[in-house]
Amino acid sequence: MSFKNILENFSKYRRGAEEGGHHEYEHRWGMAIDLNLCIGCNACSTACYAENNLAVVGKDKFEKGQAMHWMRIERYWDDADAGRDFPEQGALFLPMLCQQCGAATCEPVCPVAATYHTPDGLNAQVYNRCIGSRYCNNNCPFRVRYFNFWSYYESSWPEPLNMQLNPDLSVRDKGVMEKCTFCVQRIRTAKDKAQRENRAIVDGEFQTACAQACPTGAIVFGDTMDPNSRVTKLWQEHEVERGPYTSKKPKQNAELRGYRIFEELNVDPSIMYLERVRETEV
Amino acid sequence: MSKMKSVKIDRRSFLKMLGWGGAGTALAGCDLPTTVTLEEGKEEVVSYLMPEEYVIPGIGVWYASTCLQCDAGCGLHGRVREGRVLKLEGNPDSPINHGKTCMMGQAGVQAHYNPDRVTSPMLRKNGTLQAVSWDEALSELNGRLGAVSGDRFAMVTGTVSGHQAVLVSALMEQMGSSNHFAHETINARVWRQVCEDMLGDPMPRLRLDKAQVILSFGADFLGTWLSPVHMATEYAKFRSAPRGMLVQIEPKMTLTGGNADLWLPARPGTEGALALGIANFVIERGWNKVNVTPNVRRALAEYDLPKVEEITGIPVSKIKRIASLLSERSPALVLAGASAAGFEDGYESVAAAMLLNIIVGAVGETIEASAQFPEAALLARQGSTADLIKFAKGLENKAFDVVLFANTNPVYTAPEALGLEKGLAEVGFKVAMTQFPDETAMLADLVLPLASPLEDWGTHVAAYQAGGDPVISVQQPLMEPIHKDVRGFGDVMLGLLKARNKEFEQFADYYAYLKTAMLNMPGLADKDNKNDAAWNNLLQKGLLSAKPAKGKLSIKAHTVEVAGYQHSKEYPLHLVPSARLGLWDGRHANIPWLQEAPDQIAKVVWDSWAELHPKTAHELGVKNGDIIRVSSASGSIETQVYIHKGVHPDVVAVPMGQGHTAYGRYAKNRGANPLKVLNPITDKKTGELATHATRVKVSKVPRKNILVKMGGSETQMGRPLVRTVSADQFRRTEGEG
Amino acid sequence: MAQVIQDKIIDENLKWSQINQDVIRSMQAPGKAYWITFAVCVAMFLTAVAAEIYQYKVGMGAAGLNNPHMWDMYIATFVFWIGMSHAGTLLSAILHIIHAQWRKPIYRFAEAMTTFSLMTAGFFPMIHLGRVWNLYWVLPYVSDRGIWPNFRSPLVWDAFAISTYLSASALFLVIGMIPDLAILRDHTKGWRKKFYGILALGWRGDDRQWRNFRKTYMLMACFLIPLAISVHSIVSSDFAMSIMPGWHVTTFPPYFVAGALYSGCAAIMTLFICLRYFFHMEEYMTKNIMEKTTKLTFAIAMVWTYLNLIEFASTWYGHNIYDKEVLISKATGPYAVVFWTMIICGSVVPFTLCFQKLRRHMPTMFVVSLLLQLGMYVERWMIVAPTLSQAHQPHQWDVLWAPVVQWAIVFGSFGWFALLFLVFVKLFPSVSMYEVKELTFHLQHEAEEEKWLADQEKHATPEGAREKPVTGRPGLEGA
Amino acid sequence: MQFANRTSLNNAAAVSIRRLQAKLVQCGKPFYLLMALAVMALLPLTAMAELPVPSHITPPPGEHEGEHVPQPIEFPHDRHVKDMKINCMYCHTYARRSKVAGIPPTSKCMGCHKVIATDRPRIQKLTEYWEKGESPRWKKVHDVPDYVHFTHEKHIRKFVFDADFPVEDVQQVCGVCHGEVREMTVAEKKKPLNMGFCRRCHEANGGPGDCWKCHK
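Protein chains in written order, with numbering that gives the first Met the number 0: chain S, 0 to 281; chain Z, 0 to 736; chain L, 0 to 478; chain U, 0 to 215.
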């Protein structure tokens with residue numbers, strides 16, 4: 000991004016700020032997470048630790064709220080349980096990860112543009128550009144950005160645990176914000192491979208670590224711009240569309256299960272959740 | 000043989016680590032980037048001695064193996080780059096896990112790279128364990144083994160199957176001993192026995208995918224029961240449109256309970272009565288698909304609903320509803336797991352559930368005959384606590400001179416009341432074959448460091464064969480041993496056998512043995528082993544399917560007698576030592592990822608806790624984080640309180656897994672071990688430890704802890720994060736299937 | 000008429016040489032009390048430095064921050080110090096433009112306060128950065144890498160705003176001091192003479208210099224007023240530009256500016272009383288001036304209270320569930336004590352300023368001014384923390400009370416500020432000599448004029464028309 | 000682009016200053032100050048590389064005076080490249096297939112040196128390694144930070160195979176980043192290989208400008 004670049008692309012740059020993201024995407028990676036299938040087993044979360052060099056912070060720091068789980072399973076009890084003796088309808092599980100918003104609120108507030116929108120529709124976080132102002136997480140309604148409050152390298156990976164570290168992405172040191180990347184290293188590898196073989200990426204050719212691990216297949220990952228991908232079909236099936244939220248938009252079929260969390264904040268999340276199904280007759 | 004050896008070297012040389020000197024570890028932003036990274040000559044780079052065709056530095060390659068984190072036998076793919084295994088994923092070809100893994104499987108790499116592994120043999124000299132060479136260790140061991148006769152030798156293992164099981168039996172045979180004990184705390188021994196007795200098949204296939212309603216009496220099939228990953232993949236089909244319904248009856252909410260449509264806590268130990276009551280009601284209404292003998296009918300008639308309500312504490316209306324569901328939404332499936340089986344009459348309770356299965360016509364519909372693996376010798380020698388109790392009895396009678404432990408840690412898992420530690424003190428020579436400095440190893444006279452599952456060869460036949468065809472899956476090393484001085488389990492066993500039987504000397508090592516054995520399996524066509532094609536295919540695929548030795552289910556319904564509920568004044572509460580997907584029976588407490596992963600329901604990390612119902616907590620006057628003492632007749636533990644509604648008010652539930660006194664930095668001195676205070680009550684029929692039968696009292700300790708858990712708010716505060724939709728609507732929009 | 004005399008700002012009969020003497024006396028070698036205060040401040044500052052070094056070494060975790068609370072007291076303190084700087088500008092520039100005479104004896108230390116509190120505030124964005132060594136990336140400099148800061152980020156605007164404001168207000172302070180420095184140059188010996196000589200920039204007090212000086216000073220004042228208002232508006236956009244409940248408030252800019260002036264006035268009151276007491280400046284910092292300051296403070300307090308109520312009302316009627324819950328939780332949740340402290344100190348305590356007796360009672364005013372500042376400090380904190388504690392995602396709700404490292408650094412910032420101020424009062428005149436002289440001259444002139452007029456009325460010139468008093472040019476004659 | 004005309008001297012000076020600053024911050028030894036000054040003083044004297052640059056590449060300006068890194072064996076690139084005319088990719092086989100170019104397996108060295116020049120001390124050292132069954136532990140010279148994703152494969156593909164550039168002249172392409180290796184014994188870093196260098200080349204040759212293409 001030189002001066003020339005700024006001058007030439009200023010209008011695009013500005014519009015990006017107003018309307019969110021790019022206008023010519025190469026891919027738009029997205030997900031569909033079926034809460035009917037999610038059993039809250041933590042497989043995805045652990046897979047994420049394994050794939051993405053996530054630091055184990057230990058009990059004391061976990062207590063302080065400094066854990067680094069990019070993919071966390073939130074467990075909620077039903078509001079109705081307050082009046083019951085037992086949580087008869089079970090728990091509510093919500094896998095929460097970076098929603099890779101199309102109009103991400105984290106992006107405009109970063110003073111050094113360490114977080115920005117890629118042509119793949121991802122919220123990139125460039126670790127070595129980050130200066131640690133932490134505004135991005137303050138402005139994230141999902142609170143899915145994690146800050147390296149300490150240097151974890153020595154404590155989290157005592158030898159030989161450090162041999163497990165994935166060389167495809169860096170290990171973040173103190174003072175750097177990090178977050179779910181939709182396993183960008185896998186995306187990169189797949190894109191390189193497809194390019195080498197002179198073909199388009201095939202849906203299902205690769206998956207994020209969480210989607211791969213999920214025993215019930217609740218997480219579906221893919222390119223929402225590929226009309227034949229599973230994730231696109233799911234989005235279409237549930238009549239969830241990308242783009243800004245307007246109340247004027249013809250309301251989707253109310254019976255369908257697709258929704259995006261905090262869509263009304265106009266952040267255009269890339270993850271569609273499917274409502275949890277509840278038996279009403281018990 | 001020499002040919003084989005050279006093959007082996009070739010095969011294994013790719014596992015050599017390349018250029019480990021900091022690859023992938025420099026920190027983004029550790030310092031001024033320019034200082035760290037633009038320096039030349041800081042990192043090292045090493046080449047292979049010989050070029051390896053499929054190994055290109057910088058590109059990860061996936062190799063198949065088998066997961067040993069629990070005994071479900073899931074197939075694995077491990078990503079290997081520059082000679083290091085980096086990531087494990089499920090093997091899509093495996094009929095057990097279909098490419099999926101659980102969190103424990105994912106954490107296999109951390110067991111492998113664990114910083115607290117035993118790295119060299121240790122022999123107890125003057126009371127302390129000291130590092131010795133393998134030669135010294137083995138000569139000592141062989142000497143001791145030579146001096147012991149017959150049944151004075153005992154071997155304790157976990158569940159063991161495949162060719163390792165063959166070697167174990169061979170060793171037992173050579174030693175002339177029948178004392179092989181397979182010990183697993185989390186097992187389905189009672190279920191197996193009931194299936195064997197009532198269906199004629201110890202491990203029938205459960206078709207969750209076919210079921211429309213599942214009634215589970217404490218079977219945590221998504222978490223810890225039989226084959227959790229497989230069950231979860233099947234559960235996904237069960238939950239897809241038209242969507243089956245899950246009813247879970249258990250005293251403490253498990254992961255499965257958390258996903259149930261209806262979760263009810265029956266009074267602990269009364270699951271059998273509830274099952275019988277439902278059965279009675281089903282027959283009364285004529286909803287039964289299968290008729291029962293008049294004997295059974297008469298016995299059932301005793302369980303009229305008001306009486307069942309009185310025993311179980313579950314209202315008649317709910318019982319009726321469950322009964323009608325079982326008939327309306329057929330096919331049904333009734334399961335029974337730890338919290339039903341863990342009592343003196345546990346067998347009867349599980350049998351009652353099975354009776355219900357028979358009555359509602361599940362047998363043949365959702366319960367199918369198992370796909371038994373044809374080679375009987377390779378079948379899993381499944382662990383149980385009955386074996387542990389037998390072993391403890393033997394110790395009490397001073398029946399053993401030499402005990403060999405392998406991949407098991409009974410000193411940690413055995414209740415104090417079994418007197419294992421005391422008994423072991425009397426044993427002349429104790430050998431622990433283990434990866435980690437666990438409690439058993441700390442008591443042993445000789446510790447033999449084993450290679451990790453990702454460094455070792457092996458074959459595994461899962462006890463629960465999930466697919467239509469039974470499989471034996473191959474465990475191949477994904478990298479060379481990190482520590483030079485460890486040996487594979489098979490290699491050690493083969494070494495012991497070689498010293499006793501010349502026959503085994505034809506095999507240079509366990510790899511050679513395994514390869515010969517596997518290539519003689521029916522199903523591997525390439526007998527003459529041209530270019531190793533068959534062998535390489537096998538390794539590439541990671542498993543071998545066999546023709547099933549298919550049996551047929553033969554229903555033998557019999558009367559079931561469950562005991563009534565007894566109140567206890569002195570010990571008013573029940574202790575539920577709940578199993579966790581994650582730490583399992585405590586064997587994964589040394590894996591930081593699993594310690595840091597919050598419990599699925601309680602969301603507590605890095606510690607143990609005692610779950611109390613708000614009512615009970617109120618009566619005791621305790622709050623979250625207060626320390627309480629849980630005392631049984633056999634001892635007491637102290638741990639922090641965690642209050643939630645997912646427990647029966649008569650129950651205090653403490654998860655297994657913590658409370659290690661050894662086992663490395665991540666596990667040691669953390670939390671409490673509920674298994675320690677269990678009373679030595681056994682199931683009458685199977686001799687299994689009745690894990691849920693212990694009565695306890697709880698007293699407040701004037702100390703407080705900060706309950707470290709994930710998550711700020713316990714509810715969504717009315718915000719539409721997890722939205723729900725009714726199943727009716729779901730069926731309307733997404734079809735009847 | 001009697002009222003005029005009673006209400007006079009300062010005794011107009013002060014001799015100019017007396018003024019010089021008094022002010023220079025205040026700059027004489029400090030006494031024991033000064034050194035003790037100085038040592039305490041140094042200790043506070045060093046504690047903060049130690050805390051910061053520790054935090055720098057181990058990471059921001061030392062400050063006890065966590066996932067929802069990415070910001071805490073550092074940012075609140077930053078806003079507090081920025082806010083405090085505003086009153087100096089207000090007193091000095093706005094009152095200068097509107098020719099409010101009473102500002103003259105007290106504007107100098109207020110301006111110094113502006114500069115020093117900005118110098119203190121400037122530390123906080125650095126202290127709070129995870130990787131402070133890369134701080135310069137916020138500035139748009141031509142780099143080999145060809146990358147630029149993100150001009151959309153309010154934090155980048157902050158960097159511009161603060162640096163502009165700091166340089167402008169420092170310049171304003173220095174320029175305003177030039178005539179005084181010349182006086183000092185002429186009245187001191189040794190290194191001080193040399194020092195003031197350099198700073199006085201060859202001031203001789205001739206007409207051309209005075210003319211240019213007054214023009215420059217007026218121009219700077221005019222420039223500073225919009226700057227000051229924009230600076231705090233920009234600081235408010237650190238919050239207002241976000242989408243967080245309780246931050247995303249359109250009235251934040253005026254609210255912040257009002258709050259800033261408020262805390263600044265309170266700080267001026269505190270310093271006023273300190274200087275008056277310690278340097279025996281009763282003749283310059285009169286109770287009359289105090290009274291005017293307190294009245295101004297009261298007015299601003301009411302503006303602030305009004306804007307506060309506006310914010311609550313718009314949140315309440317706006318019916319944004321997230322905003323509303325944050326507001327309710329502020330008043331009733333874990334931070335309720337802090338919230339009500341803010342309301343009482345910010346909106347109730349200022350009513351003491353309605354009573355003249357209290358206004359003229361210095362110890363009371365001292366306590367009140369401290370309470371007002373406390374109120375303003377917790378206001379800043381109440382903006383930062385509760386929103387983070389209870390934003391959109393209930394799973395990440397948390398309550399955070401800062402640990403010792405944060406407190407050490409925040410207290411240390413007060414030490415640093417006081418340190419700068421202590422050095423200032425001994426090196427520079429904390430009362431503007433030339434403007435006080437101007438003031439006495441004007442007052443004299445005014446008084447005499449009044450008297451003359453009265454005489455005219457009374458006696459209808461029996462002894463003939465008395466001459467109008469001679470007006471001389473105020474300035475350096477005494478120097 | 001506005002930097003494209005910057006002289007190499009300026010650029011190198013900028014790099015040196017940054018290095019200097021960085022080092023001073025790191026250890027504050029005046030030694031480094033002197034060294035950096037010396038480097039700056041010597042820069043104008045450095046002869047420009049004579050390696051022809053392929054016409055389809057616009058080389059980015061930027062020079063670097065790398066240290067001579069002692070290696071386990073003083074491998075003579077000059078002998079192999081200039082005298083023997085061995086192609087870079089004959090030994091660094093992975094360059095066209097992987098992120099890393101790769102060090103040739105020791106067996107490849109021994110393929111020739113079982114018979115060639117066996118009397119030389121370096122070869123004897125190599126033979127020693129071979130007989131021990133070990134590979135020499137080379138020091139990395141051209142190293143990019145670990146938060147940078149650089150792949151040889153893509154660059155080789157773009158500038159050699161896709162551009163129909165004769166593979167036998169591949170060293171001209173390699174030389175854009177690696178300098179004139181044919182004149183060195185063991186490799187020395189001759190280009191700064193910092194972000195400015197990469198960016199200038201990407202801008203001149205139409206490489207991607209997205210941060211995440213190269214940062215990981």
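Source of the hints: derived by calculation from the structure; they are not laboratory data.
Just so you know, these numbers come straight off a predicted model, no measurement behind them.
Just so you know, even glycine gets a beta-carbon here, dropped at the ideal spot from N, CA and C.
Hints may contain errors.
Stated by the list, open to error - Pulled a few chain S residues facing chain U out of the computed Cβ check, cut under 8 Å:
hint	residue
1	R187
2	D191
3	Q206
4	M224
5	L264
Index of numbered hints that the structure contradicts, given in increasing order: 3, 4 and 5
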